[in-house]
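Chains as they are written, first to last, in this note's numbering: chain A, 1 to 308; chain B, 1 to 268.
Hint data in this document are derived by calculation from the structure and do not stem from the laboratory. For each residue, glycine too, the CB sits at the ideal point set by N, CA and C. Don't take each hint at face value.
What the hints assert, rightly or not - Stretch by stretch, here's where chain A covers chain B in the computed footprint (C-beta under 8 Å, at least three residues): (1) 11 to 22; (2) 60 to 69; (3) 106 to 117; (4) 151 to 165; (5) 171 to 184; (6) 213 to 224.
As the list claims (entries may be wrong) - DSS-like cross-link-like pairs, simulated, lysine-lysine; straight-line CA separation at most 27 Å: (7) B:Lys-262 <-> B:Lys-38; (8) A:Lys-160 <-> B:Lys-262; (9) B:Lys-56 <-> B:Lys-227; (10) A:Lys-151 <-> B:Lys-262; (11) B:Lys-262 <-> A:Lys-117; (12) B:Lys-227 <-> A:Lys-151; (13) B:Lys-38 <-> B:Lys-56; (14) B:Lys-101 <-> A:Lys-297.
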Amino acid sequence: MTARADRPNALPASPTPVRVGRLASLRHWLSRPGMLSAMPVLTLLLAGFAGPLLAVVGYSFMPPRTFDFVHLPTLENYHHIFSQTYYQSFLWALFLASVTVILLMVICYPLAYGMAKLFGRWSNLLTLILVIPLFVSENIRLYGWVLFLIKGGVVSGTLKVWFGLELGGLIYNVPAIVLGLVYVYLPFTLFPMVLGLSMVPRETTEAAFDLGASRWQVFREVELPLAMPGILIGGLLTFVLSLGSLAESKILGGQAVIMIADDIETAFTFGQNWPLGSALSVLLLGLAGTLVLSLLKRLDLDAILGQR
Amino acid sequence: MQDRARRITHNLIALWAGCIVIFMYLPVICVALASFSKNRYFRFPIPSYDNVWYGKAFSSLTVRGLFETSLSIALLVTAISVVVAFCGALAFARFDWTGRKVFQRIILLPIFFPQAVLGLALLLWFSALGIIPDWRTAVFAHLIWIVPIATLVISIQVYSFDPALEEAAFDLGASRWQVLREITLPVLWPGIFSGALFSFLLSWGNFPLSLFTTGADQTIPEWLYAKMVSGYTPLVPTLGALTTLGAALLLLGGYGVILLSKRMRASQ
Chain A
1 MTARADRPNA LPASPTPVRV GRLASLRHWL SRPGMLSAMP VLTLLLAGFA GPLLAVVGYS
61 FMPPRTFDFV HLPTLENYHH IFSQTYYQSF LWALFLASVT VILLMVICYP LAYGMAKLFG
121 RWSNLLTLIL VIPLFVSENI RLYGWVLFLI KGGVVSGTLK VWFGLELGGL IYNVPAIVLG
181 LVYVYLPFTL FPMVLGLSMV PRETTEAAFD LGASRWQVFR EVELPLAMPG ILIGGLLTFV
241 LSLGSLAESK ILGGQAVIMI ADDIETAFTF GQNWPLGSAL SVLLLGLAGT LVLSLLKRLD
301 LDAILGQR
Chain B
1 MQDRARRITH NLIALWAGCI VIFMYLPVIC VALASFSKNR YFRFPIPSYD NVWYGKAFSS
61 LTVRGLFETS LSIALLVTAI SVVVAFCGAL AFARFDWTGR KVFQRIILLP IFFPQAVLGL
121 ALLLWFSALG IIPDWRTAVF AHLIWIVPIA TLVISIQVYS FDPALEEAAF DLGASRWQVL
181 REITLPVLWP GIFSGALFSF LLSWGNFPLS LFTTGADQTI PEWLYAKMVS GYTPLVPTLG
241 ALTTLGAALL LLGGYGVILL SKRMRASQ
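One chain only, chain A, in its complex shape (with noise of 0.2 Å):
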């Protein structure tokens, strides 16, 4: 199975021409099929991607309240934002962040574990239907929310009317954001999860417990080791997205704390700071990439999804 992550499939390498000038052999690095056919999307995230973020580092740099680059560069933006409060929106969506990672890390185990292993037939029928509120608008959701929870509706009625009970309002508070991400983020959590847990082959933990492992020496020394790649990008899918978010905050938690992500919009609007916002974002993704980056080196991206 895990030979598989060998890539078979490729193409014998075409030998390579003995002896060429260094402009010949990028000609041909560049000629090559999987370079042409790389060359669509990288052509779009080069215009799409890294130029903005150019743009944003540059703008980061410019004096508070302009417009365009004409300006000398300037550190000012920073000054005001280690000056300020700022921190504490940082510490907010950090903390909110991982509330949210380790709780979707525990409601998504047994379930993912299921669809890998026990349901068959049936986990295809699931995950469509877990896919389907993936593309209904997060906002119309998070909306359904406020609606179940808000003071006359779904919950405080129906306990007015069963139990006579009043109660006020369960949302605009940490909570009802934490309940909003956990929300939104359980199938980015879930999938590659499933993804990961299917790479653990049958035949290891039977083995595994023929030799008398316990269930929880087996989860700990067999399946969470051989799943960890999915559940790795799972997590960290849900951290960054998490820690950006802005809808969650904004329509189930009012005005009860400030993510980061809010203070960007902000600035970039109300404010009409872009330098401010920019220099925000520079640091927001300045940390969400160290983590990225740092933990995509380490996977094998051909051995998770190309296991079947």
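Knowing the structure of chain A, use the given hints to seat chain B on it.
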């Protein structure tokens, strides 16, 4: 004894799966309930049910305009992203070339990127280039996020593709174009189809990217958000329920098409 313990665990996990499905659909159900409320403001239990807001949604010119904007964006995104992602998936999973590992990681970066920040970065970028945002810039913005996802979706299919098929066709004297049309595309079709479905639905439901990159134009999710924040109308849950229903039907239909074509191929 051990079998019994296993069965109990199995049932518990199945129960847990049921709870999670309910959890995922609970807010959707709430939105659907609210859309049938006759009153202007949502209260539960709903005093009187009515479908008056559906009539209004279908006859409203605003809704039609929003629908057209969202649809144009999603269709264009789908068309472009399928072509680009198909090539990308070949580079990702099919060919062995120097730089493939780096390419695979570059592809993942936009997915691991907070979308709201990406939207704002693109807004800056457009302004630096002197482009005034409208729905077409939103198409571009969606592509940055959706093409990588579609590439991954198609790649999964490409991994299970046996290149010997292509080589055999080449040996039999087929041209590159013939091989693509007669071998590669039909074999990879299910992956390409799912890629297209994903692209359409993700673009249709996208909010954070649209918010900052549509300029004066507005998509359905943007309008819903604007109305949620201020100026609530019962059209919000109605339109929310309608787009949800549309997405679900499209996905189920697409899944049905894939199943059907698999069955037809098996019976041939």
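Okay, the hints, checked on the actual structure:
no.: 1; hint: 11 to 22; verdict: holds (count 7)
no.: 2; hint: 60 to 69; verdict: violated (count 0)
no.: 3; hint: 106 to 117; verdict: holds (count 12)
no.: 4; hint: 151 to 165; verdict: holds (count 9)
no.: 5; hint: 171 to 184; verdict: violated (count 0)
no.: 6; hint: 213 to 224; verdict: holds (count 3)
no.: 7; hint: B:Lys-262 <-> B:Lys-38; verdict: violated (45 Å)
no.: 8; hint: A:Lys-160 <-> B:Lys-262; verdict: violated (52 Å)
no.: 9; hint: B:Lys-56 <-> B:Lys-227; verdict: holds (16 Å)
no.: 10; hint: A:Lys-151 <-> B:Lys-262; verdict: violated (49 Å)
no.: 11; hint: B:Lys-262 <-> A:Lys-117; verdict: holds (24 Å)
no.: 12; hint: B:Lys-227 <-> A:Lys-151; verdict: holds (19 Å)
no.: 13; hint: B:Lys-38 <-> B:Lys-56; verdict: holds (12 Å)
no.: 14; hint: B:Lys-101 <-> A:Lys-297; verdict: holds (9 Å)
In this structure, the hints that do not hold are numbers 2, 5, 7, 8, 10, in rising order.
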